[in-house]
Amino acid sequence: MYRQFLALVLNTFKEALVKKVLLIIFILFSLIIILIPIIINLDAVEVIPYMLQSDPNFNYKEFILKVELAFVSQIPFFVLMMIFIVMSSSFIPSLLQKGYIEFILSRPVSRASIIMSKYVAGIIIVFLAMTYIIYPVWLIVSIKTGVWHFKFLLSILWYTFIFASFYPLIILVGLITRSNTVTLIFNLIVFFPITAVLSIKDTIYKFISNKVVIFIVDFFYYLFPKPWDLRAMCETSINGTFNTSSGVFYSFQPVITSVILLVTILSFAIYYFNNKDY
Amino acid sequence: MYIIETDNLTKIFKASTFSKREIPALKNLSLKIETGIIFGLLGPNGAGKTTLVKILLGMVHPTSGSVKVFNEDVKNYKLRKKIGYLPEDHRFPNYMNADSVLRFFGILNGLDEKKLNESIENNLALVEMKEWRKLKIEKYSKGMLQRLAFTQSFLSNPELIILDEPTEGIDPIGRKNIREILLNLKKNGATILLNSHLLSEVELVCDRVAILNKGEIIKEGKVDDLLYYKDTYHIICSDMGEDIINYLLSQKSATIKGKGEFLIQAKDNSELNEIIDFLRKNRILIHSIEKYKSSLENLFVNLLGH
Numbered sequence: 001m002y003r004q005f006l007a008l009v010l011n012t013f014k015e016a017l018v019k020k021v022l023l024i025i026f027i028l029f030s031l032i033i034i035l036i037p038i039i040i041n042l043d044a045v046e047v048i049p050y051m052l053q054s055d056p057n058f059n060y061k062e063f064i065l066k067v068e069l070a071f072v073s074q075i076p077f078f079v080l081m082m083i084f085i086v087m088s089s090s091f092i093p094s095l096l097q098k099g100y101i102e103f104i105l106s107r108p109v110s111r112a113s114i115i116m117s118k119y120v121a122g123i124i125i126v127f128l129a130m131t132y133i134i135y136p137v138w139l140i141v142s143i144k145t146g147v148w149h150f151k152f153l154l155s156i157l158w159y160t161f162i163f164a165s166f167y168p169l170i171i172l173v174g175l176i177t178r179s180n181t182v183t184l185i186f187n188l189i190v191f192f193p194i195t196a197v198l199s200i201k202d203t204i205y206k207f208i209s210n211k212v213v214i215f216i217v218d219f220f221y222y223l224f225p226k227p228w229d230l231r232a233m234c235e236t237s238i239n240g241t242f243n244t245s246s247g248v249f250y251s252f253q254p255v256i257t258s259v260i261l262l263v264t265i266l267s268f269a270i271y272y273f274n275n276k277d278y
Numbered sequence: 001m002y003i004i005e006t007d008n009l010t011k012i013f014k015a016s017t018f019s020k021r022e023i024p025a026l027k028n029l030s031l032k033i034e035t036g037i038i039f040g041l042l043g044p045n046g047a048g049k050t051t052l053v054k055i056l057l058g059m060v061h062p063t064s065g066s067v068k069v070f071n072e073d074v075k076n077y078k079l080r081k082k083i084g085y086l087p088e089d090h091r092f093p094n095y096m097n098a099d100s101v102l103r104f105f106g107i108l109n110g111l112d113e114k115k116l117n118e119s120i121e122n123n124l125a126l127v128e129m130k131e132w133r134k135l136k137i138e139k140y141s142k143g144m145l146q147r148l149a150f151t152q153s154f155l156s157n158p159e160l161i162i163l164d165e166p167t168e169g170i171d172p173i174g175r176k177n178i179r180e181i182l183l184n185l186k187k188n189g190a191t192i193l194l195n196s197h198l199l200s201e202v203e204l205v206c207d208r209v210a211i212l213n214k215g216e217i218i219k220e221g222k223v224d225d226l227l228y229y230k231d232t233y234h235i236i237c238s239d240m241g242e243d244i245i246n247y248l249l250s251q252k253s254a255t256i257k258g259k260g261e262f263l264i265q266a267k268d269n270s271e272l273n274e275i276i277d278f279l280r281k282n283r284i285l286i287h288s289i290e291k292y293k294s295s296l297e298n299l300f301v302n303l304l305g306h
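As they're listed, the protein sequences go chains D and H. So in our numbering, spot 93 of the first sequence is number 93, and the numbers just go up one at a time. So in our numbering, spot 99 of the second sequence is number 99, and the numbers just go up one at a time.
Keep in mind that the hints were calculated from the coordinates and are not lab data. Heads up, the beta-carbon is just placed ideally off N, CA and C, and yes, glycines get one too. Fair warning: there could be bad hints in the mix.
Unchecked claim - With a straight-line Cα cutoff of 30 Å, these simulated BS3-like cross-link-like pairs (lysine-lysine) come out:
{"id": "1", "chain 1": "H", "residue 1": "Lys-187", "chain 2": "H", "residue 2": "Lys-136"}
{"id": "2", "chain 1": "H", "residue 1": "Lys-130", "chain 2": "D", "residue 2": "Lys-276"}
{"id": "3", "chain 1": "H", "residue 1": "Lys-222", "chain 2": "D", "residue 2": "Lys-98"}
{"id": "4", "chain 1": "H", "residue 1": "Lys-78", "chain 2": "H", "residue 2": "Lys-27"}
{"id": "5", "chain 1": "H", "residue 1": "Lys-187", "chain 2": "D", "residue 2": "Lys-276"}
{"id": "6", "chain 1": "D", "residue 1": "Lys-98", "chain 2": "H", "residue 2": "Lys-281"}
{"id": "7", "chain 1": "H", "residue 1": "Lys-222", "chain 2": "H", "residue 2": "Lys-32"}
{"id": "8", "chain 1": "H", "residue 1": "Lys-82", "chain 2": "D", "residue 2": "Lys-276"}
{"id": "9", "chain 1": "H", "residue 1": "Lys-20", "chain 2": "D", "residue 2": "Lys-98"}
What the hints assert, rightly or not - Derived contacts from chain H toward chain D, CB cut-off under 8 Å, selection only:
{"id": "10", "residue": "Pro-44"}
{"id": "11", "residue": "His-90"}
{"id": "12", "residue": "Phe-105"}
{"id": "13", "residue": "Leu-198"}
{"id": "14", "residue": "Leu-199"}
{"id": "15", "residue": "Leu-249"}
{"id": "16", "residue": "Lys-252"}
{"id": "17", "residue": "Thr-255"}
Kindly produce the complete structure, drawing on both the sequences and the hints.
Structure representation (structure tokens):
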């Protein structure tokens, strides 16, 4: 059984490789990895810590940490998630193509396994892509500065989890619409601006007093994945302020609700796929 | 022993997600297919053939009625290990080649590495595709794609093979090759369900056929029983005169097809011999006498009233 599952996962890898998105990720990340040591070795950059040391509050380790955190800040996060959404939006519609789905469904493989193979393949690809960018960056910065900030590597797991919590929605929309374009546009809109706006709901509430509107905002907050909240948690877990009074988050609420949502949407997607005629 | 059994099988599709309009695809269809035969499923477009096939494979869920394959409910996906399938209008990912297609589907069918390698080697040679095994699918002709799709249907040596238009896009020599493969698969114990518009092909290989129209079976039986007219003979002879033709028409209710060709009914051998004696007495040379057989095409056209 595991061989069949593995074959389906590897087939998704091949599909992702053939599509240009993964190639773009590879080229983009490789460029960053090549540029990092060059930038670090620039005289102008090397002199920055020495210039800042004149500040009595300057902390060299914190400075390096801030440099690393720049890689998981909002803009790189936005770009990475966009790339991952574009890459994975075609997985389900291409599986459901007339003439191909018949081949897959006529095999002794359960429909749940087919969906799970797509899910696992997407997560592995994101994990590998994140490892490919984060690990070399961490290694280069650490070797060059002598500051070994291991917590930075947690961002690989955090980003993989963020994608894992968002991916079931991509799968579900793909199953329902069977359209690559609709799946892509819908999920891009959900990611930005919908979930981005919902992530600052507490700030929005300061300007709203209508309880109905607050209820609706709350409803949508829990209905959709929470990539932006999780990203903020990722940042606080790396800089060491996570779950402390000085950190942004005091609870695991976004993680817990994301896991519940992930399981719910994925289960519904499997149920939908199981009952659909092809 | 039946390999496929359906009882009052009904499938009603909704016109669209939000529409209440219903389209009946199958209506109380009861069908039994014996093990070890080639069964032809015929019918015009929209008759429900593909719906029936997809229900057998668990791709479409029936609205009511029961369906069993290998005496098991089709909901059990594991029984598909014993089934091979060639869909109509199939599509393979363009980045694959014949080798990777067969490897992928072979693994999904549960074949181990050794059996898979052997099967790929043997079957690619069988359909004359060995030479093109590493060529990308996007470079294949329609005939090559069809041969590849056909090959994957029997790669794992299944007990039941369901083929939807297997000879589509294949030249006459390739069709003959496919016919031979089908007969060989049958000889090795496989049961084949053949869905085809090429009635002459069906006639050549099928043991039994069912003709579907608007979701119902309108005729089902052995090919010979359906095509051979009972007690009717086809006689070809030298040219007959008007008086002989008139006699055959008035006294024997013959169907005259030409001056030297007619169909005649004879209850038994003695009645047939009487007619032969009459012809010989009138110095008519008899070239051939054989039991009259129609064609599936004629039967199909007559049944569907076109």
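Going down the list of hints, with the structure as the test:
| no. | hint | verdict |
| --- | --- | --- |
| 1 | H:Lys-187 - H:Lys-136 | 33 Å, violated |
| 2 | H:Lys-130 - D:Lys-276 | 37 Å, violated |
| 3 | H:Lys-222 - D:Lys-98 | 34 Å, violated |
| 4 | H:Lys-78 - H:Lys-27 | 27 Å, holds |
| 5 | H:Lys-187 - D:Lys-276 | 37 Å, violated |
| 6 | D:Lys-98 - H:Lys-281 | 67 Å, violated |
| 7 | H:Lys-222 - H:Lys-32 | 13 Å, holds |
| 8 | H:Lys-82 - D:Lys-276 | 23 Å, holds |
| 9 | H:Lys-20 - D:Lys-98 | 24 Å, holds |
| 10 | Pro-44 | 21 Å, violated |
| 11 | His-90 | 5 Å, holds |
| 12 | Phe-105 | 7 Å, holds |
| 13 | Leu-198 | 20 Å, violated |
| 14 | Leu-199 | 24 Å, violated |
| 15 | Leu-249 | 55 Å, violated |
| 16 | Lys-252 | 54 Å, violated |
| 17 | Thr-255 | 46 Å, violated |
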